[in-house]
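Given the sequences, and given the hints that come with them, work out the whole structure.
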Amino acid sequence: MTSPESHHGQTAAALAAQGHLEGAVHEHPTWSTYWKVATILTVITVAEVWCYYVPSFVASVWFVPVLLALSALKFGIVVLFYMHLKYDHKLFRALFTGPLIVAMFTIVALLFLFGKVAVRLGLLS
Amino acid sequence: MATLAAPAFAAPIERSDGGFLSWLGTTDHKRIGYLYLFTATGFLLWGGGEAMLMRWQLRAPNQHFLSAEQYNQLFTMHGTTMIFLVVMPLSAAFFNLLVPLQIGARDVAFPRLNAFSYWVYLLGGLFISVPIIFNAGPNGGWFGYAPLTTTTYSPGLNIDFWVAGLQILGISSLAAGFNFITTIINMRAPGMNLMRMPMFTWMAFVVQFLIVLAFPVITIALVFLLFDRFFGTNFYEIAAGADPLLWQHLFWIFGHPEVYILVLPAFGLVSEVLPTFSQKPLFGYPVMVYSGILIGFLGFGVWAHHMFAVGMGPIADTVFGVTTMLIAIPTGVKIFNWIFTMWGGSVRFTTASMFAIGLVAMFTIGGISGVMHSSPPADLQQTDTYFVVAHFHYVLFGGSLMGLFAGIYYYYPKLTGHLLDEGLGKWHFWLNLIGSNLAFFPMHFSGLLGMPRRIYTYDANQGWDTFNLLSSIGAFIVGFATLILVYNMLVNRKRGRLAGNNPWGAGTLEWSIPSPPPVYNFAEIPRVTSRYPVWDLTAPELTAAVPHTLRGDEMVTAQVGGVSAGQMSVPADRRPAAAAGAGLHAPPARVPSAEELGIPIPYTTTKPFFTALGIIVMFGGLLLTRMENKIPGWAVLALGAATLVGGLYWWLTSPLEPEHEHAGAHGAAPHHAHAH
Amino acid sequence: MDSFAMPDVIVPAAGVEHTYTTTGLPHRKIGIWAFIGSECMLFASLISTYLIYKGRSVVGPFPHEAWTDPSTGHHFRAILNIPVTSASTFVLLMSSLAMVLALAAVENRDKPKVTMGEKILGSSKLWLFMTALLGTTFLGFQAFEFTSFVHEGVSIRTNLFGSSFFTLTGFHGAHVTAGVLWLCTMLAVDFKRGLGPKDALNVDIMALYWHFVDVVWIAIFTLVYLIR
Amino acid sequence: MPFVSRPRRRAAAALMGAAGVAVALGLAACGVGDPRTYPNTTFAPHTEFGRDIDDLWNLLLYLGTAVFIFVETLLVITIVRFRHRPGAPRPKHVHGNTTLEILWTVIPAVVLTIIAVPTVRTIFRTQARAEPNALQVEVYGHQWWWEFRYPQYGVTTASELYMPTGRKVNFALRTADVLHSFWVPELGGKRDLISNHVNYLWWTPADSVAETAWNGTCNEYCGASHANMRFRAFVVSPAEFERWARHQAAPAFFNASAAAAPAAPAAPPARTSFGPAPAAGPALVRAVANVRGAQPGKGTAPAPGESPGGSPGGPEAMQVAAAVADTGAVFPRDRLPSYVIPAVPTPAQLKFTPGLVGDPARGQKIFSGGLCIGCHTIKGNPMAAGVIGPNLTHVGSRYTIAGSLYKNDTDHLRLWIKNARLMKPGVTMPTLGMGQVDPQTGATVTAATGGLTDQQIADIVAYLQALK
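Chains as they are written, first to last, in the working numbering: chain A, 11 to 135; chain B, 180 to 855; chain C, 311 to 538; chain D, 217 to 684.
Derived by calculation from the structure, the hints in this document are not laboratory data. Glycine residues also receive a C-beta, built at the ideal position from the N, C-alpha and C atoms. Be aware that one or more of the hints could be misleading.
Unchecked claim - So, partial list: chain C residues that the calculated Cβ filter (under 10 Å) puts toward chain A: (1) Gly334; (2) Trp343; (3) Thr359; (4) Leu361; (5) Ile392; (6) Leu403; (7) Ser406; (8) Val410; (9) Leu431; (10) Ala517; (11) Trp520; (12) Ala529.
Spelled out as structure tokens, the structure:
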């Protein structure tokens, strides 16, 4: 049998020939990226809590959308940088975003269904 | 050309080696598939027996063969058993047996996790099934609607067994789901592109995603119910302002994908059987793939069609009605593609193909009645009547089970090396077809003529007597037919005619290796050139139009670990048409062992079994805490937790298989899945 | 090539051995991502339930509003403690930072480290420890929160808010606890034999789990605590 | 050649089988709209709601049958025509046909659109708000019986629903315990009763159906006796309905002036209100008991027609009540369809002493002094104000008891009181017959637990039957 090295090499070659390694580029973010991300996350968190303590903002129509957007931003940053989805194989992106979409859809649908019940009863009674 | 997987007509490996402990500790996907198959068949008899008792009660009005309580436990357990302990595990049997063989792998990605799934299933199945013997069986329906299932209305242990049992079974399905997702993504042989995967593997792939996305939802719904029952939370407590629709929505967010979890594997099996017995590739393969994915995806957007009568309002009714109708389109596409697979073919009527054709015919009826209650106003006259019972029995019996029966007749020789008896098989098929139609077709009428579901008795003079009598007669015919199947399976397990590698002249990868396959499946990982690689070899002139890379574009290395793996031989009578249905008695030839070939095989280990046992003991302890004296309960719970943690620790810290002969490769390739 | 006209078996793939994987990716990393996808649905169900039951409790206390019990006259203030939770949120975010640094340190163990900064950043033991410590701190905050809530009159049995709140945050807390135990095991291995690039996969999988638990908290913090 | 004939025989058998199914289907289909044979049929709707659904159903049935015949025929043709013939060449490998595949995607889509459009229109039409002047009926589901309240008439009754023809009936559906589902197949689609929700459903019984009765059922599994949770729906002319309602609204007395009724309706409510009674519960029982304690002397039984107190109809209603006590302001017995008369047998082991004659006056005393009043209300008997069980005002005017499980006659009523739990599994109504074994608890009923002798039961039955 051939040596492990050449085996590995052959396998990789065979894979590359089929385009399997496409998207599997494994460039890692650097330490400084991690620190920058942490700073951004902290800033966003501070902004969120600050929003909470501004009564006029809490009362405005923007309160909920802004908070949702900020938390989605944080969510995305952690997933992309700390969980390396930005750099990792596209397969992982698919494995995560697919279920995430179904989950978000389910939450939204459920909230619609339960909110809707109250409205409908109001119409009918 | 020298390297061979194995000789064509190896003598079947008789599974006498190792005895009980080898089964308890097996991590071989084929053996686990075997265990799944026979356990699920046992539960099929159990759940079928429950149906027989119910049909005896309902054969005529105002019968008292069963009490209300007994009947309610029976219909609850009939549903629970058939869904969670029969159809899902029968599908799991085929996932286990077939997925690695069809994609050219030596096992699943996590063999021990696979064993764990099976043991959790077996023990959880016993946990949930046995109480009915003691008249303490679950009695809230398989759907378990709150608040009936809360302690206010169901104070006994009945519902506790159900809640805990379903949690346990969910663990089994989820573990298997992660396992097969990884297996199918990552263990396909070179050349096995996604669009070359056999349709069964494709449907299995879709189903695993449905499982891992749907089961967490029922897990949470059950956790709420468990907390309500054991810790006094308020999730379904009406006085606290709870909304019973929360349970219904969570349940059906799981429950509808579950329907596709039950039926897609059968679709996959039929998509294997029909091409083989038509001697023609599956018609419209890409469309079949996309329709399967679409069914799975849309399956998450239709759940509330189980709830058209709860008063969701016109907008929700409209949305869910329309999405439900949409799902009929990919389903219809599948039906037509199956028919056109046979069109222009050379259709041989073996038991397997007859069951597959039976699925096409019966599922069509279930699909049409499904469209009938996708229309919410029409559904208001149909829901919770026997019309719905008729509908889902056409889907789950005429669909899932007939597909799985087709799979059993088709793949039993691959699993055991022995063919099932075709004569008995045809008795089974015809009795099954006649019996199931006699049982389920009249239910359309009894339902639309006003008979509610889940009633243990009905009054005379309601116009339901004849239909119920017909249903009962049909049910007993089906029961008898099922006994024929089980007899056939048991008798021919070791004594049936020898199958040979490819008794049906099929085209997919699993038929290129001996039956039963050697423990390592493939002596060398094969290179796949098309959707029907075996047909590429046996009838290259016919497969020219199949999208595939040409054979011979690949360097062919010589020996397997320096061992001659056997001889190639293609007897003239091995051409599929001639071989059909004829058991081929082959001269015994030796299949080289894994050691000879230098293939590492996972150790036999009972750690997954004990880990699974720990989970069951934990839930048993939880139920014991309902006693006056809570100490024994908590003690048993702690014992179970200790077994679980200990089992897991030893499992995760012990190696899966002997170090590979190229141990050095591990360091170089850290991605090799070594643990599990 | 032998003498038979028609080959019997599929052509084996050249040079493909036992450790072959289709994508070149490790099994377990695919497995953990599938698991994380599944967990999305788990927490989606929990979060949906909390939001559906928000404002439906028939008795207080309530998360964001004060409440006076009409039968006893007892006054309850709004239950949620935003400053404390903001702090614990920050702690969990920082634990994610420590986690990525730990992974980087494991992956780069064999790289030469010269400066003090490089040595600190390259210490997997330090960052694993920090992650576990911050995780434990988060759990401490949660224990404080739970006990003070119970003290103030909300338990898991009190009302729909109590049931859904404690179950949601409790499930999250259980995930953090499992993560801390995992981290401690990994730390023990690090102390025993040192973690290097060949362990990077194991640490990576643990890190993915840990970050996922963090992003779930990001959602919970906004949806449960901040949005009134 | 035997090898050829086998598949052909099988194909022929398959065709014969399919034809047989089709014939059976056709024969059965001819009769399913006939309510005489199939009294709970959904194919002969009698309301606009039912007709809307039936129109949709016909569309679904015709399209569904067409698809069924098309697909199954295609399937049979395929397997017959392309069956394996020995010696035939291997078939050509065809992988697909884009045109065909588009075709069988588009055609079902068109068919579904044909279904979807009327579906959506029907959804919005049938779920529109009911007219404000509709007859309001509040439906309460209980384990395992139905309570119907008519707030516009001050009527509360159980198991028997009366509706006038030609007037829209708006049901407000609530449950007192677990989920139920309200269904009269002949009238329209069902609607679930959901805890902490109120659901609505409306329909208008057509003019053409005056004076008939149908069966109703519970369709959501609700526990042990789910199968026994039935009711009767009577459709009568508007005039008859008014008579019935006024009669039901009036207090109920038995026609026995000689009997010293201990509790005259001394303080009847000024307006017969059937407000949120379930919440009142035991407090109401106590209140009634106090009333009796405060007015011990007023024991004169009012003569028929003289009953004091008010009802929505005032004195006029009282006269009606008096009149109908004998004439029966209820659905005429001789016109009852056979299918609404329960044929449920009583448990064989449950026997009643033959030959006993009940005394309604004694029965009223036993009723008013026993366990009965803890659960049952009788307007006209201020002692009886329980709200757990069915309202028994005018129970004598009903045709069925126990969730329409049994006929409301002397024999069934006696056995019911003697051991209800043996007659209907799981019920709250306790086993009361002396010496009877309670099937739920296994305990034997004694005097200490409130057991009743057969004579006492006969008396109670006489009293209840007098409450026409």
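Which hints, by number, does the structure contradict? none
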